[in-house]
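Protein chains in written order, with UniProt numbering: chain A, 1 to 326; chain B, 1 to 301; chain C, 1 to 537.
These aren't lab readings, by the way, just hints derived from the structure by calculation. Since this is a predicted model, take the numbers as computed values, not measurements. Take the hints with a grain of salt, since some may be wrong.
[As the list claims (entries may be wrong)] Think about it this way: if two alpha-carbon atoms lie no more than 16 Å apart in a straight line, the pair counts; the simulated EDC-like pairs of lysine to aspartate or glutamate are:
{"#": "1", "chain 1": "C", "residue 1": "K402", "chain 2": "B", "residue 2": "E249"}
{"#": "2", "chain 1": "C", "residue 1": "K391", "chain 2": "B", "residue 2": "E249"}
{"#": "3", "chain 1": "C", "residue 1": "K391", "chain 2": "B", "residue 2": "D68"}
{"#": "4", "chain 1": "C", "residue 1": "K215", "chain 2": "A", "residue 2": "E165"}
{"#": "5", "chain 1": "C", "residue 1": "K149", "chain 2": "A", "residue 2": "D311"}
{"#": "6", "chain 1": "C", "residue 1": "K408", "chain 2": "B", "residue 2": "D70"}
{"#": "7", "chain 1": "C", "residue 1": "K324", "chain 2": "B", "residue 2": "D140"}
{"#": "8", "chain 1": "C", "residue 1": "K48", "chain 2": "A", "residue 2": "E79"}
{"#": "9", "chain 1": "C", "residue 1": "K324", "chain 2": "B", "residue 2": "E249"}
{"#": "10", "chain 1": "C", "residue 1": "K193", "chain 2": "C", "residue 2": "D112"}
{"#": "11", "chain 1": "C", "residue 1": "K215", "chain 2": "C", "residue 2": "D109"}
{"#": "12", "chain 1": "C", "residue 1": "K196", "chain 2": "C", "residue 2": "D109"}
{"#": "13", "chain 1": "C", "residue 1": "K201", "chain 2": "A", "residue 2": "E79"}
The primary structure of each chain is shown beneath.
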Amino acid sequence: MLIPVLIGMSIITFFIVHAIPGSPAKAILGERATPEAVERLEKSMGLNDPLYIQYFRYLGNILQGDLGTSVKTGRPVLEEIGPYLAATFELALFAMLIAIFFGVNLGIISAWRHNSTVDYGSMVIALIGVSMPVFWLGLMEQWIFAQELDWLPSNGRMDPRMFFEPITHFYFLDALIQGNFYALQDAFNHILLPAVALGTIPMAIIARMTRSSMLEVMRSDYIRTARAKGVGETLIIYKHALKNAFIPIVTVFGLQMGLLLGGAILTETIFSWPGVGRYLYDAIHSRDYAVVQSGILVVATIFVVINLIVDLLYAYIDPRIQYGKE
Amino acid sequence: MSMNAPTMPNQESVTETKPEQMDSPFRDSMRALLRHRSAMIGGGIILFFILIALIAPLLLPFGYNQIDADARLQAPSAEHWFGTDDFGRDIFARVIYGARISLWVGFFAITGSIVVGSVLGLIAGFYGGWRDTLISRFFDILLAFPAILLAIAIVAMLGPGLENAMYAIAIINVPTFGRLMRSRVLAVKQEDYVLAARAIGMKNSRILFRHILPNSWTPIMVQGTLGFATAVLEAAALGFIGMGAQPPEPEWGKMLSDSRAFIQSAPWTMVFPGLAIMLTVLGFNLLGDGLRDVLDPRMKQ
Amino acid sequence: MKIHKSLWIAIGFVLVLSTVLAGCGGGGSNAGGQGKTLIYGRGADSPKLDPALVTDGESFRVTENVMETLVDYEKDSMDVRPALATKWETSDGGKTWTFHLRKDVKFHDGTDFNAEAVVFNFERWMNQEHKSGKKDDFTYYASMFGGFKGDEGHLIESVKAVDDYTVEFKLKEPQGPFLQNLAMSPFAIASPKAVKEDPGKFAQHPVGTGPFKFKSWKKGDSITIVKNEDYWQKGLPKLDQVIFKSIPDNSARLTALQSGDIDVMDGLNPDDAKTVEQNDKLQLFKRPPNNVGYLAFNMEEKPFDDKKVRQAINHAVNKEGLIKSFYADLAEPAKNPMPPSMWGYNDEIEPYEYNLEKAKKLLKEAGYEDGFEVEFYAMPEPRPYMPDGKKIAEYIQADLKKIGIKAKIVSPEWQSYLEATEEGKHDMALLGWTGDNGDPDNFLYVLLDKDNARIPAQNIAFYKSDKLHDILIKAQRETDKAKRTELYKEAQEIIREDAPWVPLVHATPPLAAQSYVKNYVPHPKGSDSLAEVDIQK
């Protein structure tokens with residue numbers, strides 16, 4: 001199923017991208033796009049062939065592992081996209097971490113204190129969270145935490161003064177490998193605001209899912225039994241909660257990771273995060289065909305693969321089996 | 001930014017409704033809905049926004065595009081409740097007119113998705129076979145795209161503007177409704193009365209319109225309400241990155257992106273449009289949740 | 001179950017660790033430590049670092065400090081001064097130029113800078129097609145010197161090394177702006193060794209003779225260059241390291257400046273200039289204008305084929321108001337198509353005053369008493385000469401309405417915009433130009449000559465005046481500056497009368513820096529040498 005989807009995507013992307021008016025040559029030359037200059041540049045880019053020939057050439061190249069070359073920077077996309085992907089991945093993972101941590105706890109607490117003020121409060125937070133325009137939240141965060149309070153940096157992944165050479169381009173990992181704890185701390189300070197903005201919606205979704213699955217569990221017999229036996233309530237709840245929360249979380253994780261990967265554009269724009277969303281968005285603007293086509297394909301492939309893994313995980317941790325064991 | 005987020009497959013209502021004796025299913029649903037607190041709050045918010053959108057010109061001393069170079073970037077005051085922007089335009093007026101735009105875009109985009117998605121889903125579910133394969137693959141492909149990127153690419157292709165943004169939003173939401181419709185059709189097809197109708201040789205079109213459609217529209221309506229919220233967010237997001245509404249239209253997302261330059265000197269230019277987006281989206285989410293609780297208990301799993 | 005547990009422990013661990021780290025707070029004292037580091041915040045990353053291959057300012061901004069040209073512009077103007085060439089003479093009526101090169105100069109890779117290197121570079125640019133079959137596009141070379149070798153209009157007949165440190169250029173025709181052209185950043189001399197080793201890599205790792213050496217590049221984020229210890233100008237550069245950091249949003253960049261994350265920022269919002277001035281820790285800079293922002297009429301469309309209509313609209317644009325509202329007074333109203341700082345500027349030109357009554361009268365005379373409807377193209381992206389095209393269009397739109405003209409603002413995306421305007425799809429359009437080489441020809445001929453009014457046009461007014469054409473061509477072939485000045489002054493009078501544009505403004509884009517940054521001089525051409533810049537805390 002993966003292959004036809006990817007081929008379909010490549011066709012759609014290819015033709016949308018080529019249907020966007022304006023040529024990359026003009027995008028590069030800007031006000032200085034004299035007819036001669038445009039013609040020369042287009043020729044050197046191989047844009048004069050018929051579209052379907054360009055498509056098959058592109059497909060052929062992809063099958064050989066060649067994702068094409070960016071016309072803007074003259075570098076192979078495969079080489080170029082790595083750091084951007086890593087930046088987005090790191091941001092999305094961290095956002096997800098925050099979402100899971102706060103989402104699950106919020107959900108558990110409100111199920112535990114069902115119909116209490118705490119419950120209502122948590123659910124209002126979740127509802128607002130799920131309705132939050134991420135770009136607005138990001139701007140508000142910048143305004144409050146970066147400008148007014150000046151607690152956290154407002155943009156980028158790391159203080160440029162930091163003596164730090166990325167290896168994997170996952171800054172947390174790199175900092176750990178190099179044992180550079182200043183860099184680690186700096187990376188953390190930089191990721192916090194964008195990750196909170198990006199993690200708000202998944203957080204709200206997870207909170208609501210955890211709450212409803214918890215409510216079901218709380219009604220079940222074995223909790224009552226456990227309570228009757230006098231086992232500490234907090235312990236029971238967390239133990240069972242975590243187990244039950246796991247399924248919805250995996251689902252949300254799979255769905256949202258994909259969304260976050262491609263959809264972090266707005267967060268990346270606001271926080272000047274050099275991620276893949278921003279990279280692709282700029283490429284659309286500059287008509288950098290190879291980057292848009294291959295970039296979207298790469299992101300989509302990752303998305304599809306993540307969901308595949310989620311499906312496998314499902315099969316592995318099917319809830320009925322778990323309960324049976326209990 | 002996760003654009004497709006506000007779909008909550010596992011929703012639980014804040015207030016629980018008890019079953020009552022019923023005279024008609026519709027009335028019963030209405031009554032249940034009226035008793036559903038969060039649905040009512042959501043409905044109230046939406047009604048409020050619709051109302052101010054309708055009577056906007058009567059309400060306001062200022063036009064949304066009334067430029068006054070001497071009143072630039074004024075803080076909120078009795079005269080300008082939400083302050084003024086860098087053109088000296090009244091932000092309150094712009095936010096209110098913005099409600100028209102957002103509701104309009106949301107409505108048409110979602111209606112478009114519902115119509116196209118439902119037709120495709122019906123065909124896929126009802127006829128099955130190669131049609132199903134083709135359409136389902138198409139949905140898979142669309143869903144595999146990062147939604148916002150696809151929307152941006154489509155708008156770039158069509159040219160930035162509110163209308164084109166609306167088409168893009170409609171397109172990226174088609175598979176949601178298509179899949180939903182398909183699964184409903186598949187489920188209804190197995191019901192006894194449909195099987196019976198088939199057995200007595202009822203025509204396909206009749207089965208479709210008499211039995212399958214009426215039994216499929218509730219989840220579509222629920223999803224449509226929630227999708228409205230998504231569409232409003234998406235329109236604002238496109239506006240924010242300059243691919244949606246064009247000046248001087250007072251679109252909320254665009255107002256937000258314009259406000260970025262004044263985040264230091266005039267934060268009110270940023271606060272109010274964002275608040276308006278959030279409230280609208282919240283309203284539709286609440287209403288959608290309520291509708292789901294009331295109309296479609298099956299979706300609660 | 002086991003998986004869950006370990007996963008939860010892991011998540012918990014990371015969060016706890018992060019909180020602890022956040023708790024440590026404070027500034028990482030490990031940061032910096034590399035001597036004097038200057039961080040230059042700007043709007044975008046550079047596409048390529050081979051200046052010959054690019055046309056964008058963000059690339060030149062970096063290469064300017066890594067590679068040098070034969071002649072250079074003065075520190076604060078577009079006048080030419082010696083650089084890698086110490087002196088030069090011209091003979092044969094301006095067709096032969098001889099340059100004497102500086103001797104003790106080495107490229108960053110240790111090879112010598114000499115006449116061979118200069119010849120190698122020019123050969124590389126003029127032979128578009130290389131032996132390897134690979135084509136490079138040296139856009140600026142082609143546009144300043146009439147194409148490539150073999151092209152009909154190619155200006156440079158030959159470049160020869162007379163001896164180790166003397167180069168001779170033979171031109172087919174005399175070119176008025178020749179020396180001005182050579183000073184442009186794209187004609188910086190690259191190390192032949194580095195280019196030969198791997199031409200593809202050069203754009204990722206430039207090697208020149210400049211005050212700084214290229215060090216590293218984090219794509220989409222930052223470029224680092226470090227001090228060239230063996231720089232030929234003794235005592236320079238004063239900084240040990242410069243980092244060019246991309247922060248796309250102007251306000252975000254200002255925030256970064258205020259919090260000390262960066263030291264200099266380009267692209268300050270005019271509205272924030274006051275904030276900067278009021279802040280003791282910051283200083284404000286104004287880049288001298290070398291640009292023009294204009295409103296062009298499409299003279300091939302009715303009603304703009306009528307001079308009176310064009311003049312009427314010239315009377316209906318409130319330039320002072322525009323400058324107040326969108327440039328925060330950081331611009332001068334324009335009356336000519338070229339900036340006032342440039343030689344040849346005609347200051348005796350009478351500007352069209354802002355007077356709606358006059359505008360109405362002219363419209364009436366032209367028979368458009370009841371006004372008309374037009375499509376008004378406004379650029380979607382900020383440009384140096386126009387921070388916000390859409391807003392400026394909105395502002396003009398309001399005034400036009402008062403004289404009965406209904407303008408519909410159209411703002412397609414930037415590439416589509418350029419395409420639409422150069423094909424003449426607009427009735428009116430906003431656009432602008434930043435000068436390349438400090439020569440009036442670069443404004444008047446490029447933007448308003450009939451040669452450039454063919455589709456796709458750079459003369460988007462589609463203004464075709466034979467009278468103007470004759471003058472501009474004459475000035476191109478002339479090498480005597482005084483004579484050229486007279487010609488250009490005459491040209492400006494013709495343009496004023498025909499009114500193909502509303503010349504709007506010459507923007508002086510504001511920049512900001514920490515007050516401890518010394519000797520920073522924003523250059524009119526848009527990219528600055530940082531050799532003399534210092535940090536004194």
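Here is how each hint holds up against the structure:
1. K402(C) x E249(B): This hinted pair is violated, its Cα atoms lying about 20 Å apart.
2. K391(C) x E249(B): Satisfied, since the Cα-Cα distance of roughly 12 Å is no more than 16 Å.
3. K391(C) x D68(B): Roughly 13 Å separates the two Cα atoms, so the pair holds.
4. K215(C) x E165(A): holds, 11 Å
5. K149(C) x D311(A): violated, 61 Å
6. K408(C) x D70(B): violated, 25 Å
7. K324(C) x D140(B): Not satisfied, since the Cα-Cα distance of roughly 53 Å exceeds 16 Å.
8. K48(C) x E79(A): Holds: K48(C) and E79(A) sit about 15 Å apart, inside 16 Å.
9. K324(C) x E249(B): violated, 23 Å
10. K193(C) x D112(C): It holds: about 10 Å lies between the C-alpha atoms, which stays within 16 Å.
11. K215(C) x D109(C): holds, 13 Å
12. K196(C) x D109(C): The hint holds at about 13 Å.
13. K201(C) x E79(A): Cα-Cα ~13 Å, so holds.
Violation of the numbered hints given earlier is confined to hints 1, 5, 6, 7, 9; the remaining hints are satisfied by the structure.
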